[in-house]
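Enquirer: Following the hints, complete the assembly by docking chain S onto the known chain L.
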Amino acid sequence: MDIVVCIKQVPEITEVKIDPVTNTLVREGVPSIVNPFDEFALEEAIRIKEKSGGTVTVVTMGPPQAKEALLRCLAMGADKAMHLTDRMFAGSDTLATAYTLALAIRKLKFDLIFCGKQAIDGDTAQVAASLAEKLGIPQITYIKKVDVDEKNRKIVVHRETDEGYEVIECRFPVLLTAIKGLNEPRLPSVMGIISAKKKEIKTLGAADIATTAESEKFGLKGSPTYVEKIFAPTPPSSGLMFTGDESSSVKKLIQHMISDKVL
Amino acid sequence: MISVLQECTGCGLCVRACPFAAIKVDTDKDKKIAEIILESCTLCGSCVNVCPVHAIKIEREKTEINQGDHKDIWIFAEQHEKRIRNVVFELLGKGRELADECGEKLCAVLLGNGISELIKPLSEYGADKVYVVDCEALMHYSTEPYTNVFTGLITKYKPNILLFGATSNGRDLAPRIASRLNIGLTADCTKLEIVGEKQLLQTRPAFGGNIMASILTRTFPQMATVRPNVMKRKEPDRKKEAVIEKVNVKIDERSLRIKITDIVKEIKGVGLNIEEAEIIVSCGRGIGSPENIKCVEELASALGAAVGGSRAVVDAGWLPHHQQVGQTGKTVAPKIYIAIGISGAIQHLVGMQTSDVIIAINNDPEAPIFKVATYGIVGDLFKVVPVLANEFREVLKQRSKTM
Chain L
1 MDIVVCIKQV PEITEVKIDP VTNTLVREGV PSIVNPFDEF ALEEAIRIKE KSGGTVTVVT
61 MGPPQAKEAL LRCLAMGADK AMHLTDRMFA GSDTLATAYT LALAIRKLKF DLIFCGKQAI
121 DGDTAQVAAS LAEKLGIPQI TYIKKVDVDE KNRKIVVHRE TDEGYEVIEC RFPVLLTAIK
181 GLNEPRLPSV MGIISAKKKE IKTLGAADIA TTAESEKFGL KGSPTYVEKI FAPTPPSSGL
241 MFTGDESSSV KKLIQHMISD KVL
Chain S
1 MISVLQECTG CGLCVRACPF AAIKVDTDKD KKIAEIILES CTLCGSCVNV CPVHAIKIER
61 EKTEINQGDH KDIWIFAEQH EKRIRNVVFE LLGKGRELAD ECGEKLCAVL LGNGISELIK
121 PLSEYGADKV YVVDCEALMH YSTEPYTNVF TGLITKYKPN ILLFGATSNG RDLAPRIASR
181 LNIGLTADCT KLEIVGEKQL LQTRPAFGGN IMASILTRTF PQMATVRPNV MKRKEPDRKK
241 EAVIEKVNVK IDERSLRIKI TDIVKEIKGV GLNIEEAEII VSCGRGIGSP ENIKCVEELA
301 SALGAAVGGS RAVVDAGWLP HHQQVGQTGK TVAPKIYIAI GISGAIQHLV GMQTSDVIIA
361 INNDPEAPIF KVATYGIVGD LFKVVPVLAN EFREVLKQRS KTM
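If you read the sequences in order, they're chains L and S. Counted from 1, the first sequence has number 180 at position 180 by the working numbering; the numbering is strictly sequential. Counted from 1, the second sequence has number 233 at position 233 by the working numbering; the numbering is strictly sequential.
Next comes chain L alone, as it looks inside the complex (with noise of 0.2 Å):
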């Protein structure tokens, strides 16, 4: 079984900001993690390698500093790492993303994909999607359970939808976006932390995965979406509070909604 894993490195929303004099991004002295959602898929892919055996790979899109997640991953268990980082990615989207990526992973051989539903900075759920589609393989996303079938070369999985769950079944290769309930991600233990630094994290630049006409649609100009601009949302208003005895303050609390006309 190989098994690929995309991550990505996010900052701890709690702290991120606007500077309200430049209206951009304040990410600096901001802690970043490896998204949770991610963490879940990787758990996961380690726990199949343990029972199949084969190779978990992880892969990543972004700035040198990324590299610090992949360490994280290779402590879990992860057993190579791909670090894609290059100026001209700078500024893709979720389809210059997903572009970049499955020009790289087209490269590895894989039975697997596990990407996290989402992250948690952008939230968007679109790369996951947009890459299947570019490698042109299955997708199945809200995975909560997976059983791999090795000898029929397929999987079942339970897919959480709106009312409830569907069961799946489908042939490798395939791509499954993790939710949380998935399982239980671990922590590196200290011998991973150890070992993770003597296993290989290859680092790859535009230019060893793209040609040159493919490089065109790597970054900004390979991005059909852009950003007008961003701004601090309104804060809520300071509400109304009650105090005191409880039955008196529901009256109040009533009273209030409908004049405010909420009920």
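Worth flagging that the hints you see were computed from the coordinates, not collected in a lab. This structure is a prediction, so every number in the text was calculated from the model and none was measured. Built from N, CA and C at the ideal position, the CB exists for glycine as well. Among the hints, a few may not be true.
Rough simulated footprint, nothing fancy, chain S against chain L, three-plus residues with beta-carbon under 8 Å [what the hints assert, rightly or not]:
1) 86–100
2) 132–139
3) 184–194
Expert: For chain S alone, kept in the frame of chain L given last:
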């Protein structure tokens, strides 16, 4: 442009996969090779995906950066078990405004099986035209056949704007289509407006709602998914009758790579899904034990609301994961969100702070949930919640009498 390359072995898998009956393999000829019937081909791309030797190529016009003949506003009329999702009516409401502003038609795209009775409500809520694709393989949502059929419709009819509800399935389908057509897509928008030359300015929250971004698209159709419960539906016009455009497709289920073998329903209690609900009653660690969820459910049933929970409650196993609100659960934006015994960690707030009205009940006046609350009650939730349920029942009873 679609072309069949020399590598073609004439295996016929593409014939089976084509929903528009636009490929044949002539068995009489010396060399069996797939032939495209160009007048039927919609360039949907189903064949490219299934060809084992990569012998079919589609060259799409260098990204469509000119509006050209792209016109009309399209809404994906997502249905589930022959019930149209609430967000579709909201999209029709917004779509109506956009269509009037552009001087274009508002069209709904309805895929399913045995769905003719769903056309009327779509017209009543604003559609000028309804594209209907009725086929057994489309009865239940599945990525592959929906992508193939929808892409075919887009390349054939060329809409200007295309909107999907940001539901689980909408967010599964839209990026697959956009990727196939190499066009832009904006996720989970909360505001849409027309600027310049019929350009769609799409505004969405990012970083969990700490930042808003307004996005434009260089390609056509301009595609977006839209957060449920944000746009307003219009009053239905019972007399309105949309033009119906039926599109015939033939889907051979053997050609599909994904097989749905079972569909399990899990929503319990009040039976509402939190992403669609107009009112959500949500509980946190403060409720103390799983037995106390009953009093929360009581309140929810008084209001016809869905029940949600914080991460603490879900991690403790008191509620299933699909009812979790917050960063690792679902993002919701109901008309009313009632937070009971939820302190309001940032990971929870990002999942609900765009709700219209937030009511917080907590015994700690310093709890961060009060910072986003429209109304807050500081007190013992076990005293507040039952009284609140009774009061709501009273008000609603009075109201139904006077109606």
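Enquirer: If you check each hint against the structure, which ones fail?
Expert: 3
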